[in-house]
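First to last, the sequence lines map onto chains A and B.
Going left to right, the first sequence walks through residues 1 to 342 as UniProt numbering numbers them.
Going left to right, the second sequence walks through residues 1 to 342 as UniProt numbering numbers them.
It should be emphasised that the hints constitute simulated quantities derived from the structure, not laboratory data.
Keep in mind that a hint or two might mislead.
When chains are identical, the list treats them as one kind, so a pair holds in a single copy or across two.
[What the hints assert, rightly or not] Straight-line Cα separation of at most 25 Å, SDA-like style, residue types lysine to any residue; simulated pairs: (1) K9 - K91; (2) K45 - G103; (3) K315 - S23; (4) K298 - E282; (5) K298 - H226; (6) K45 - R138; (7) K91 - D311; (8) K298 - G103.
Protein chains: 2
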Amino acid sequence: MDKPRVGLKDVARLAGVSVKTVSNVVNGYVHVTPATRTRVEAAIKELNYRPNLSARNLRQGRTGIIALAVPELDIPYFAELARLVVAAAEKHELTVLIDQTGGSREREQLVAEGFRAHLIDGLIFSPLALTSEELAARVDDTPMVLLGERVSAGTADHIVVDNVAAAKEATLHLASLGRRRIAAIGAQDFAAAETSRLRLAGYLAALEAAGLPSDDRLVVHVEAYHRADGARAMARLLDSGAAPDAVFCFNDLMALGALRTLLERGYSVPGQVALAGFDDIEDGRYGTPTLTTISPDKREIASRAVEFLADRMVKGSRVETREIRVPHELLIRESTGGQTRS
Amino acid sequence: MDKPRVGLKDVARLAGVSVKTVSNVVNGYVHVTPATRTRVEAAIKELNYRPNLSARNLRQGRTGIIALAVPELDIPYFAELARLVVAAAEKHELTVLIDQTGGSREREQLVAEGFRAHLIDGLIFSPLALTSEELAARVDDTPMVLLGERVSAGTADHIVVDNVAAAKEATLHLASLGRRRIAAIGAQDFAAAETSRLRLAGYLAALEAAGLPSDDRLVVHVEAYHRADGARAMARLLDSGAAPDAVFCFNDLMALGALRTLLERGYSVPGQVALAGFDDIEDGRYGTPTLTTISPDKREIASRAVEFLADRMVKGSRVETREIRVPHELLIRESTGGQTRS
Numbered sequence: 001m002d003k004p005r006v007g008l009k010d011v012a013r014l015a016g017v018s019v020k021t022v023s024n025v026v027n028g029y030v031h032v033t034p035a036t037r038t039r040v041e042a043a044i045k046e047l048n049y050r051p052n053l054s055a056r057n058l059r060q061g062r063t064g065i066i067a068l069a070v071p072e073l074d075i076p077y078f079a080e081l082a083r084l085v086v087a088a089a090e091k092h093e094l095t096v097l098i099d100q101t102g103g104s105r106e107r108e109q110l111v112a113e114g115f116r117a118h119l120i121d122g123l124i125f126s127p128l129a130l131t132s133e134e135l136a137a138r139v140d141d142t143p144m145v146l147l148g149e150r151v152s153a154g155t156a157d158h159i160v161v162d163n164v165a166a167a168k169e170a171t172l173h174l175a176s177l178g179r180r181r182i183a184a185i186g187a188q189d190f191a192a193a194e195t196s197r198l199r200l201a202g203y204l205a206a207l208e209a210a211g212l213p214s215d216d217r218l219v220v221h222v223e224a225y226h227r228a229d230g231a232r233a234m235a236r237l238l239d240s241g242a243a244p245d246a247v248f249c250f251n252d253l254m255a256l257g258a259l260r261t262l263l264e265r266g267y268s269v270p271g272q273v274a275l276a277g278f279d280d281i282e283d284g285r286y287g288t289p290t291l292t293t294i295s296p297d298k299r300e301i302a303s304r305a306v307e308f309l310a311d312r313m314v315k316g317s318r319v320e321t322r323e324i325r326v327p328h329e330l331l332i333r334e335s336t337g338g339q340t341r342s
Numbered sequence: 001m002d003k004p005r006v007g008l009k010d011v012a013r014l015a016g017v018s019v020k021t022v023s024n025v026v027n028g029y030v031h032v033t034p035a036t037r038t039r040v041e042a043a044i045k046e047l048n049y050r051p052n053l054s055a056r057n058l059r060q061g062r063t064g065i066i067a068l069a070v071p072e073l074d075i076p077y078f079a080e081l082a083r084l085v086v087a088a089a090e091k092h093e094l095t096v097l098i099d100q101t102g103g104s105r106e107r108e109q110l111v112a113e114g115f116r117a118h119l120i121d122g123l124i125f126s127p128l129a130l131t132s133e134e135l136a137a138r139v140d141d142t143p144m145v146l147l148g149e150r151v152s153a154g155t156a157d158h159i160v161v162d163n164v165a166a167a168k169e170a171t172l173h174l175a176s177l178g179r180r181r182i183a184a185i186g187a188q189d190f191a192a193a194e195t196s197r198l199r200l201a202g203y204l205a206a207l208e209a210a211g212l213p214s215d216d217r218l219v220v221h222v223e224a225y226h227r228a229d230g231a232r233a234m235a236r237l238l239d240s241g242a243a244p245d246a247v248f249c250f251n252d253l254m255a256l257g258a259l260r261t262l263l264e265r266g267y268s269v270p271g272q273v274a275l276a277g278f279d280d281i282e283d284g285r286y287g288t289p290t291l292t293t294i295s296p297d298k299r300e301i302a303s304r305a306v307e308f309l310a311d312r313m314v315k316g317s318r319v320e321t322r323e324i325r326v327p328h329e330l331l332i333r334e335s336t337g338g339q340t341r342s
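Chain A on its own, in the form it takes in the complex (with noise of 0.2 Å):
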């Protein structure tokens, strides 16, 4: 289908540079002058040049494409993610492809098993359902940086939020307004669920550290994060006689759903239950009351996974794993009585 009948040549005749200053440009080097470049991309376009990957590929073993592979683009955590490693790529002139994994085991052992490395030359993976063992066993030697709160495979660079810290700090807020039957909506069970494991932790260590009792009936399972996960823990929360007087979300998207559930049935919030989550996503800003959350710093995350795949991509494995925690913080907002909006 593809006719290449405008090549390198004819591209650098038009632009007036060298048919290597082209192919620069077409792969992406960073060593080219912006002027250049501009020059170089009007005369691609005018042409109508398709670089051939082929070619290129078997020559450098490069595609200029990176995938991020993240759970689910409408959880917004992941969207907002995306649009910053989008972003962070593109100072590097990558262009990232977005692949949606749905959480399934499937799905993301093919992405660990590199079903596509032919087209990418590097992966930023969130996993949801795989454990530390599965990633460790992975094969394909893409070069790949994890995201999330995984134990580190200790065969990939890692990025990771201090979850305990981040919960416990969540949990000690709820009971610093003297709030003593603290409940937790987001515990699961299966043996990947890291994040859910390394929250709960958090919030059993702040409860110890007030001297409040843990209470069993406190802590509720769900099954997924979103929004009607919240809603629906929040209802068997109240409908268990539990009698909780603040709630800590172990996401966002599943305090906006208890929130509606605390308004539909009359609850005021913060009044009688004071609420927090976690992930700062912008709904959460926009809601009433608006929510108090933990924010990790998702610019730092993107920019240092696409620095830490551009790194390895370069220099392969000659250099060690390396695992950055990036810095967090708690914002209150008015569902546990502050004002501040963001």
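For this one, chain A is given, so just place chain B on it according to the hints.
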């Protein structure tokens, strides 16, 4: 980087099938039984075989990848649409590369001109900045399906919602509640702002049909369609003394921003001001009050887009360009006095 140690033959031997069958699986052809596909995929996995895109590409001119170019992934409408397009494409065994244009002219022009055409078999494009004329002037011949409100360029398949009818319906619903000062938030003036123009036309047609005078002070212009734009527009509307008793926002995201401003300033919704949006994003179902909205059939948009594109990829330009309208419905929720939840 890619050392092709393992070949088609090795996979075929392990799976106990012919080389041709392995090739069919690798190339995503549909005429392979699920059982055979599973066996071949297991062998591919076990051997960590990577198909050689280059050779394949040269042979067939196919990559099995389609691009979905949308303005912004963290606008929930596009995130929801992306999820549905990924799901629809999976049924055609196509991988979706998601391209976030940011609504910028330059990025959209690159997309339209097929800058990455060597990587993709087809394109589903929701343009924001480019006009119909600019799209019609496209020289790249990669199969393309357009989404959204642009008047058809005549050169590409096109999937639309009847924006005028839908906006009229939403506005008439507000009028049917006895509201007489119905405002519109979302007017825009730039050349490519078709969405805005069509929804404004529907709003004005409804006022006329309801025998209500139009009032320029009730029409608020915005820069973009985010929550913050809606919040600011609502504040301007209230400050202007235009005294609206209902507001039709041209998308849900702005309506959620406007809702926040109204509640923050002590207005009751729908008591003093009734509110309707457009898009039916999930957030609107969980806010308090829940948001009345126009719900375009997003699943239908996604599946028809992929279907048109797959068809076009096979038949090329031999098929006449088609334009279809997908259905929409008005969902009456709490923000206009309705009680339904979905």
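So, going through the hints one by one against the coordinates:
With identical chains, the CA atoms of K9 and K91 are never at most 25 Å apart, being 27 Å at best within one copy and 41 Å at best between copies. For the identical chains of this complex, K45 and G103 are inter-copy neighbours only, at 19 Å across copies versus 39 Å inside a copy, given an alpha-carbon limit of 25 Å. Proximity of K315 and S23 under a CA criterion of 25 Å is satisfied intra-copy only: 22 Å inside one chain copy versus 33 Å between copies. Taking identical chains as interchangeable, the C-alpha atoms of K298 and E282 lie at most 25 Å apart whether they share a chain (12 Å) or sit on different chains (22 Å).
Taking the closest pair of Cα atoms, K298 and H226 come within 25 Å of each other both inside a single copy (19 Å) and across two copies (19 Å). In the homo-oligomer, the alpha carbons of K45 and R138 lie at most 25 Å apart only across protomers (11 Å), although the nearest pairing inside one protomer, at 41 Å, exceeds that limit. For the identical chains of this complex, K91 and D311 are intra-copy neighbours only, at 13 Å inside a copy versus 36 Å across copies, given an alpha-carbon limit of 25 Å. In this homomeric assembly, K298 and G103 come within 25 Å of each other (Cα to Cα) both inside a single copy, at 20 Å, and across copies, at 22 Å.
This entry does not satisfy hint 1, going by the numbered hints stated previously; all others are met.
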